[in-house]
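Engineer: The chain contents come next:
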Amino acid sequence: MSDLADLYQQTILEHNRRPRNFKKLEPADRSAEGDNPLCGDHLTVYLRLDDDVIKEIGFQGSGCAISTASASLMTAAVAGKSKTEAERLFHDFHEMVTGGPDAPADPRVLGKLAAFAGVRQFPARVKCASLSWHTLHAALAGAAQPVSTE
Amino acid sequence: MTIVRPPISAAAGSRPVLDVAKLRAEFPALQLKVRGSPLVYLDNAATSQKPRAVLDALTRYYEEGNANVHRGVHYLSEHATAAYDGAREKARRFLGAKEAREVLFVRGTTEGVNLVASSFGHANLKRGDEVLVSAMEHHSNIVPWQLICEERGARLTVIPMNRRGELLLDEYEKLLGPRTKIVAVVHVSNSLGTINPIREMVRLAHAKGIPVLVDGAQAAPHLPIDVQALGCDFYTVSGHKMFGPTGIGLLYGRADRLEALPPYQGGGDMIRSVTFAKTTFAPIPAKFEAGTPHIAGAIGLGAAIDYLGGLDREALAIHEQDLLRYATDRLSALPGVRVIGTAGHKASVVSFTVEGVHAHDVGTIVDQEGVAIRTGHHCTQPVMDFFGLPATARASFAFYNTRADVDALVAAVEKVQQVFGA
Ligand SMILES: Cc1ncc(COP(=O)(O)O)c(C=O)c1O
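Read top to bottom, the protein sequences are chains A and B. FYI, in this note's numbering the residues of the first sequence are 1 to 150. FYI, in this note's numbering the residues of the second sequence are 151 to 572.
Among the hints, a few may not be true.
Just some of the chain B residues that point at chain A, by a computed CB distance under 10 Å [to be verified]:
hint: 1; residue: Arg185
hint: 2; residue: Gly215
hint: 3; residue: Asn218
hint: 4; residue: His527
hint: 5; residue: Met534
hint: 6; residue: Leu539
hint: 7; residue: Val569
Below, in silico cross-link-like pairs of lysine to aspartate or glutamate (EDC-like), each with a Cα-Cα straight-line distance of 20 Å or less [unchecked claim]:
hint: 8; chain 1: A; residue 1: Lys112; chain 2: A; residue 2: Asp92
hint: 9; chain 1: B; residue 1: Lys358; chain 2: B; residue 2: Asp406
hint: 10; chain 1: A; residue 1: Lys83; chain 2: A; residue 2: Asp50
hint: 11; chain 1: B; residue 1: Lys331; chain 2: B; residue 2: Asp406
hint: 12; chain 1: B; residue 1: Lys172; chain 2: B; residue 2: Asp406
hint: 13; chain 1: B; residue 1: Lys565; chain 2: A; residue 2: Asp3
hint: 14; chain 1: B; residue 1: Lys565; chain 2: A; residue 2: Asp6
hint: 15; chain 1: A; residue 1: Lys55; chain 2: A; residue 2: Glu26
hint: 16; chain 1: B; residue 1: Lys331; chain 2: B; residue 2: Glu350
hint: 17; chain 1: A; residue 1: Lys81; chain 2: A; residue 2: Asp52
hint: 18; chain 1: B; residue 1: Lys183; chain 2: A; residue 2: Asp3
hint: 19; chain 1: B; residue 1: Lys565; chain 2: A; residue 2: Asp52
Since the hints were derived computationally from the structure, they do not count as laboratory data. In this text, a Cβ means the ideal position worked out from N, Cα and C, and glycines have one as well.
With the hints as extra help, turn the sequences into a complete structure.
Structural biologist: What follows is the structure, encoded as structure tokens:
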């Protein structure tokens, strides 16, 4: 049960129940769609940019608790950040959930995003946690193709 | 010496209870422990576990009989050829085909459908023609048809279903039109469990001269199959879902149908003679088996067929129906749990949703209890769309499952609800 408690932390369950920034931005400067074909997760990330800064961010879609909470916490984490800062967070987040070589020794440097540290014990769920980030990355890059975790 | 058998004393209609423990002992994977708990394997619709007899047949072939088939004159090659052809004869009996040459070895159901879609499509589909599939098809019985339809300028049409997950036969009959060139329909739905009335559907199609392909991937592990009684033109199964190896399956095609089709792939073993000007093809089944086949797989599948043949399949079916009823009742009794797929005639597949919890989260949490189920769209996205669901959790039972497995699943789902405070 301890692994499960690591995965389904209260923060994650709470953001799943009440996702933040769960809205479409109209008009948006950028948007991108992401799919996780394995579990049918689907989401769209919307951005309003001010030069290089993410002025406003929203998302919509449906997915599991991990992907919904991850999208919600991501929007809170990157609002007001520059593109470079957002990409840096993505990198750190990705290293944390995959247990990669650059994984932050203390996940708390990621603030609330550290709630996802438990995901690394569940390799099948890493894609759920990172879908929104990949989608944000695509939106920032202005990619036209929907991203897929497969 | 004469053996006098004692009269059968059991009351008529009562059967000996299936000795499931004895059956389970023959499946090494069922002895596994997962995350500290004994494995409760309820993902049989994805792939079944394999009995010792199948594993032994594979090892024996590689250790004592490995050679290429239909090629050498040496001892081992003759041995391997006899075993391979022997497996085809077993498969013929398993499917109830008239002749062994009507049974092709393929990679699995996916390849079986692709073979027919491609060969039949190239020979028969023209602009404006229609291919009729059902609303509950697996992607492998949709996408190959879409590809060939696109290439030929033909259209895919769809037999609708009701909220229980039963095909609407009246609508089906209306959809069988002058442009319908082939019907491709699933025998048992992998996501809903529905058993479709294939014999009746074939009769209706044949009344209009339309051939029928049946996707039997989920039927083979649960039902006796008799392609002649069903009357279908093509029938395809996957070995790995019927206790055999991965990478091998069967495609039955009535002899006249197969003979009329162009080859699917070119290569060795499928030719009569080759010159740079022209190649003539071997007769069926070789015409459709280009290249070195999966010899070990065919032999392993033959062993799975022998294994099933040694069991009382009617007793297995009764046991599976008991599991289906028990699982349906117990899951439905949990608050917030809804069973998806409530057809009158079902195989032991139970898809369900848990209110407020995504199927993927259900899967992860029950896995922590050692219970293996499938979550997602089960390669049937149109079915999920029909029910307005992103995904379901699915427990699929084989004859080696028990009521205790159902109890473990139900306890694990209760755990899910605890974690999510649902
Ligand atoms: C109904 C049905 N059809 C086709 C398939 C495809 O089988 P395979 O992947 O073995 O080719 C499956 C299995 O996933 C199935 O359940």
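Engineer: For each hint, tell me whether it holds in the structure or not.
Structural biologist: Hint check results:
| no. | hint | in the structure |
| --- | --- | --- |
| 1 | Arg185 | holds (9 Å) |
| 2 | Gly215 | violated (38 Å) |
| 3 | Asn218 | violated (36 Å) |
| 4 | His527 | holds (5 Å) |
| 5 | Met534 | holds (7 Å) |
| 6 | Leu539 | holds (9 Å) |
| 7 | Val569 | holds (5 Å) |
| 8 | A:Lys112 to A:Asp92 | holds (13 Å) |
| 9 | B:Lys358 to B:Asp406 | holds (18 Å) |
| 10 | A:Lys83 to A:Asp50 | holds (10 Å) |
| 11 | B:Lys331 to B:Asp406 | holds (16 Å) |
| 12 | B:Lys172 to B:Asp406 | violated (44 Å) |
| 13 | B:Lys565 to A:Asp3 | holds (14 Å) |
| 14 | B:Lys565 to A:Asp6 | holds (15 Å) |
| 15 | A:Lys55 to A:Glu26 | holds (14 Å) |
| 16 | B:Lys331 to B:Glu350 | holds (18 Å) |
| 17 | A:Lys81 to A:Asp52 | holds (9 Å) |
| 18 | B:Lys183 to A:Asp3 | holds (17 Å) |
| 19 | B:Lys565 to A:Asp52 | violated (45 Å) |
Of the numbered hints listed earlier, those contradicted by the structure are 2, 3, 12 and 19.
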